[in-house]
Amino acid sequence: MAQTILHKRGLKASLPELLESEIAFTKDTREVFIGTNEGNKRLLTEDNNHKIVVFVVSGDVAEGVQDPHIVLPYDVEVLDVKAYVATQPGADLQFQLEYSIDYTNWSPLTVDPIQINSGSFGNNGGHELSVRDLLAETMLRINVIASSVEARNLTVNIKTIRK
Numbered sequence: 003m004a005q006t007i008l009h010k011r012g013l014k015a016s017l018p019e020l021l022e023s024e025i026a027f028t029k030d031t032r033e034v035f036i037g038t039n040e041g042n043k044r045l046l047t048e049d050n051n052h053k054i055v056v057f058v059v060s061g062d063v064a065e066g067v068q069d070p071h072i073v074l075p076y077d078v079e080v081l082d083v084k085a086y087v088a089t090q091p092g093a094d095l096q097f098q099l100e101y102s103i104d105y106t107n108w109s110p111l112t113v114d115p116i117q118i119n120s121g122s123f124g125n126n127g128g129h130e131l132s133v134r135d136l137l138a139e140t141m142l143r144i145n146v147i148a149s150s151v152e153a154r155n156l157t158v159n160i161k162t163i164r165k
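3 is the number of the first residue of the sequence shown in this note's numbering; add one for each residue after it.
These are computed hints drawn from the structure, not numbers from a lab. Computed from a predicted model, the values in this text were never measured in an experiment. Warning: the hint list may mix true and false statements.
Under the rule of at most 25 Å between Cα atoms (straight-line distance), these lysine to any residue pairs were calculated in the SDA-like manner [to be verified]:
id, residue 1, residue 2
1, Lys161, Leu45
2, Lys161, Pro75
3, Lys161, Gly61
4, Lys29, Ala64
5, Lys165, Glu79
6, Lys53, Asp94
All chains, full assembly: derive it from the sequences and hints.
So, in structure tokens, the structure goes:
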């Protein structure tokens, strides 16, 4: 099934209630928001050096490797990882964020799998990282280990600083 992700932009004062998975950019405050069942969630704010790598897996999030894969355009230091689901807050979702330099051998980015517990739309980050420095051309992917109920519209934010 095809999914459409809409991007909106404008002033923060006129930010509408976003639909699930809609993304909005506020031109005056330079913030990015995503729509969820609980309302608009702020994903990031402007910061001179910090960059956010955003994965959006629209539609059903089944077990296994998810599309898309992301290739880093430059060397980064990973600072934190946060994750959200827009629908199915009853799902216990557990996944591993993985990285590879050669696209064959994959390693986990966090020491423990990332967990979104039943009744929650996300987690607050603070995951222990197995590696902090990633080189340009490193590929990232999401590998869902377990899901009690199929979650929908998974968003993973990786906060980095360019090296």
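Results for each hint:
Our distance criterion of 25 Å between C-alpha atoms is met by Lys161 and Leu45, whose separation comes to about 10 Å. Annotation: proposed proximity of Lys161 to Pro75 holds, straight-line Cα distance about 15 Å (limit 25 Å). A threshold of 25 Å between alpha carbons decides the hint, and for Lys161 with Gly61 the separation of about 24 Å falls inside it, so the pair holds. Restraint check for Lys29 and Ala64: the C-alpha separation of about 35 Å exceeds 25 Å, so the hint is violated.
For the proposed pair Lys165 and Glu79, the alpha carbon gap of about 7 Å is at most 25 Å, so the pair holds. Restraint check for Lys53 and Asp94: the C-alpha separation of about 28 Å exceeds 25 Å, so the hint is violated.
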